[in-house]
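Given the coordinates of chain A, work out where chain B should sit on it, guided by the hints.
Read top to bottom, the protein sequences are chains A and B.
Note that the numbering used here numbers the first sequence so that position 50 is 53, with each residue one more than the last.
Note that the numbering used here numbers the second sequence so that position 514 is 517, with each residue one more than the last.
Think of the hints as simulated: they come from the structure by calculation, not from any bench.
We treat Cβ as the ideally placed atom computed from N, Cα and C, and that holds for glycine.
Watch out, some of these pointers could steer you wrong.
[As the list claims (entries may be wrong)] Computed far set for chain B versus chain A, every beta-carbon distance over 12 Å:
no., residue
1, Thr210
2, Gly444
3, Trp476
4, Gly526
[What the hints assert, rightly or not] Below, in silico cross-link-like pairs of lysine-lysine (DSS-like), each with a Cα-Cα straight-line distance of 30 Å or less:
no., chain 1, residue 1, chain 2, residue 2
5, A, Lys347, B, Lys262
6, A, Lys373, B, Lys57
7, A, Lys57, B, Lys373
8, B, Lys296, A, Lys46
9, A, Lys296, B, Lys345
10, B, Lys46, A, Lys347
11, A, Lys262, B, Lys347
12, A, Lys538, A, Lys487
13, A, Lys487, A, Lys296
14, A, Lys345, B, Lys46
15, B, Lys345, A, Lys345
16, A, Lys46, B, Lys347
17, B, Lys296, A, Lys345
Below, each chain spelled out in residue letters.
Protein chains: 2
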Amino acid sequence: MFGQMMQQPLLISSLIVHAERHHGDREIVSRRVEGDIHRTTYKEVASRSRRMAKALAALGVKPGDRVATLAWNGYRHMELYFAVSGSGAVLHTVNPRLHPDQITYIADHAEDQVLFFDMTFLPLIQAIAGRTKTIRHFVAMTDRAHLPADAKVPGLLCYEDLVDAQDDRYDWPSFDENTASSLCYTSGTTGNPKGVLYSHRSTMLHTMSAALPDGLDCSAADVVLPVVPMFHVNAWGIVYVGPMTGAKLVFPGAGLDGKSLYELFEAEGVTLSAGVPTVWQGLLGYVEANGLKFSTMRRSAIGGSACPPAMIRKFLNDYGVQVIHAWGMTEMSPIGTAASFKAKHAAMGQEDRFAVMATQGRAVFGVDMKIVGEDGRDLPWDGEASGDLLVRGPWIISSYFKNEGGDPLKDGWFPTGDVAKINADGYMIITDRSKDVIKSGGEWIGSIDLENIAMAHPAVAMAACIAARHPKWDERPLLVVVKKPGAEVTREELIAFYDGKIAKWWTPDDVVFVDAIPLGATGKMQKIKLREQFKEHQLPSA
Amino acid sequence: MFGQMMQQPLLISSLIVHAERHHGDREIVSRRVEGDIHRTTYKEVASRSRRMAKALAALGVKPGDRVATLAWNGYRHMELYFAVSGSGAVLHTVNPRLHPDQITYIADHAEDQVLFFDMTFLPLIQAIAGRTKTIRHFVAMTDRAHLPADAKVPGLLCYEDLVDAQDDRYDWPSFDENTASSLCYTSGTTGNPKGVLYSHRSTMLHTMSAALPDGLDCSAADVVLPVVPMFHVNAWGIVYVGPMTGAKLVFPGAGLDGKSLYELFEAEGVTLSAGVPTVWQGLLGYVEANGLKFSTMRRSAIGGSACPPAMIRKFLNDYGVQVIHAWGMTEMSPIGTAASFKAKHAAMGQEDRFAVMATQGRAVFGVDMKIVGEDGRDLPWDGEASGDLLVRGPWIISSYFKNEGGDPLKDGWFPTGDVAKINADGYMIITDRSKDVIKSGGEWIGSIDLENIAMAHPAVAMAACIAARHPKWDERPLLVVVKKPGAEVTREELIAFYDGKIAKWWTPDDVVFVDAIPLGATGKMQKIKLREQFKEHQLPSA
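Next up, chain A with everything else stripped away, as it sits in the complex (with noise of 0.2 Å):
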């Protein structure tokens, strides 16, 4: 028997419909690649981005077809993914750090109709607008007067020419809440990028979850500015939250140094923001040489990569600033979990609740997940037992797009390539990447650990921990070091500096120090590249 409550398909349309009927004043602010600061609402966005869908139907995209972005966050990005996945279209956000034969590859894979791109970008159009097989148009994400007079890409569209030829009488169709939405590749190790296909109702599930008070705790008060990008996993789903609390969005576009990102922050009253642990370092070496303070925001969500506990305490103890430490990744839209605290830790001393901040959190509602060990069996949730992650959950991957490298379940179970433990509070701790666990005379060692000690000693900007091969053990950690501009430390001060804080066997054998850890399209530390380099390293325990 079925209850008798309206049907109405969850639709991402339905977004920006409330938002211009609920919440049409509230402000969206950008900065934008032209140079300035531009100032919009959430009903002209909605209009526009009516006005953008009439805009590609007139360019010949059907439901279903892909259409892709290279574009920094800004209010024409926002527009994008109403006017695309509102009208039936895929948004494919595609990430310009890539390498130009990744994106064409990419392009090429999703068979990609139009392309839209920020004007930073062209250099890099330009070397793929001859090459890519299925792209029909360029579209450069800006208006008439700030176009090259030859841009050296043929038929090449302007995005306020579009936005003009059309009126915004568009009714958004209805359809199946589970058509493709949006599209997002995620750079494996190895072999190609694999595209992740979002649908309406993973990304309408997804949106509500994260808006959780236990999630980013994001509501109508709020100002959110998203430093993660809206290339990579839809901004961990801002994008969408802001239009469904009515939150004010604040756009950072290209400026992602800290002084840019910092007097964005003062000057829009930002409240809650989202970024990776390289992002707020940068931001945090700013406001620390300048003797800055925030003066509204209050949380900062962080993710990516593991928060070095140092930087959770350093929001928290000389900003006021509380980090919610997140994890998930590209294959699960992308929130899993967040270091939310529960009632029990509240009568807690500070070092406790510095400890329940510092691990990579609980589920949020609609994730799943458990631990197994080689054997495929469960492993209690004891804080200690630690083995390979798996998680479920309505927006999570089933398989990638055109099934690339198979069924990556198991029973039912993605398998997310991290290692980690969960504690009896449900808490979770990643201690490494699969691929990054050291392994010493059969025992796992967790890199990550090692990293985030070295990263709290002062003279270190960042820090690896990589295995080096061992004749005895098969491995053992060796941790690769950037130092601080100015600032010295040796080899001997550094392993020291272990004493105590992890099991004497975890300490690393040897440092080497170097002038930059290379760093992927997303920044997280590419671990592959520094193995490679440092195969043949000798260690002096060898």
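Just chain B now, kept in the frame of chain A:
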């Protein structure tokens, strides 16, 4: 083209599974009808729900069968919420304040197979046991020790016996999320009660939206005491919001007087509560009379009928409790709007903020609303135009159980029977029930405004404003007043009290004093009875 994300139906059982896994040790506290305070946990409630699901199957309850409850808010009732709906049957919560004839009608109409009841209601069960047509088992929600030797109910079963007979090895079944989950009858003013049949999908989406920061704002740190009964629209969803968020739940049982409630609030550290204005009057009366304060309560959701502005002020000014004024109805699962602030209100003075809190609020995400004139055309959201309020959304009724009353919708919208205005910020103000509207000389007078003013008079305990016949104006307002014990006020004083507070022609033409205003089963004033009582009333102005 479909997305490639996991397909998982939205099922009510997932809530208790999540709570057991992530909040297993969180407490559920109940004041039992047995007289004591009972303490359990989500883990234990989850285990006992599974045992009860097996017991139901053993009693022959099949998917789709209706299982009724006549019970207060308590942990056993909560277990039935999950045991019944989770196993695929339909939980039919019956309002015990209805007349035995109505309960018999409802049980027969629903074709209930089993009826669970709290011992308080044994006399009621004795009155209906021989009369209902389909109920095969009556189950007393107590243990064997509290069961009288001869309960005078043939074949009576005992709740704890059923639980004790089963182990908890049970996997919740998976099925279509549109499957019916629960059933709640709403007593119209004419005709027989009609059933609203919720689905797992509608319930789950409602639960997620209800917990959002601009709704109930419920997190794992909260301690929630639902005063609103579980027999009435699922305690506004709190029985589901609790396990979703990991909030501690405190159930008041039959103790709804001011003293019992206050003691439970303080003993259990309640931070959030929800109920109808009449219950809060009792609580505030007790707190005031005894010079008490609330130590932990910070938010109180008030709905069911309009909250008098004087009560909103008293809660905040005298006790530091923020009222979340909310509106909804059985046909809406029930939450439609909540009067959460927007960012723009932060800078306002307290009087302007009170004006926002006194509205019924803005639509929670998922609910769309509109007001229409007598010609059915949309009215503007200008805070002035007043018309019939219509709603739609995935947790709003499409038709009544067994299609009683035919198709209730108008062009896909559900007519609420309320008359409202909506301001430019989307805040809705109920001015009347459409059947309670006073039509004076062709113009509408909102009875609720007139009642709110009367309620602000220190001598008035309760006030209803109804239409009285008038030879010239057709109808004019008649104020019906219950005085506070020991307080005195005259007809002339009350009429003068309206001076300057409202348009002159809205002032009631007459005042009558009564000992009591009849209340319906959910605590709402039954103005239809008052209209009947005063249908021959001679207005002095006539």
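To see whether the hints hold, each was checked on the structure:
no.	hint	result
1	Thr210	violated, 9 Å
2	Gly444	holds, 34 Å
3	Trp476	holds, 37 Å
4	Gly526	holds, 25 Å
5	Lys347/A to Lys262/B	holds, 28 Å
6	Lys373/A to Lys57/B	holds, 26 Å
7	Lys57/A to Lys373/B	holds, 26 Å
8	Lys296/B to Lys46/A	violated, 44 Å
9	Lys296/A to Lys345/B	holds, 25 Å
10	Lys46/B to Lys347/A	holds, 16 Å
11	Lys262/A to Lys347/B	holds, 28 Å
12	Lys538/A to Lys487/A	holds, 25 Å
13	Lys487/A to Lys296/A	holds, 22 Å
14	Lys345/A to Lys46/B	holds, 16 Å
15	Lys345/B to Lys345/A	holds, 27 Å
16	Lys46/A to Lys347/B	holds, 16 Å
17	Lys296/B to Lys345/A	holds, 25 Å
When held up to the earlier numbered hints, the structure conflicts with 1, 8 and fits the remainder.
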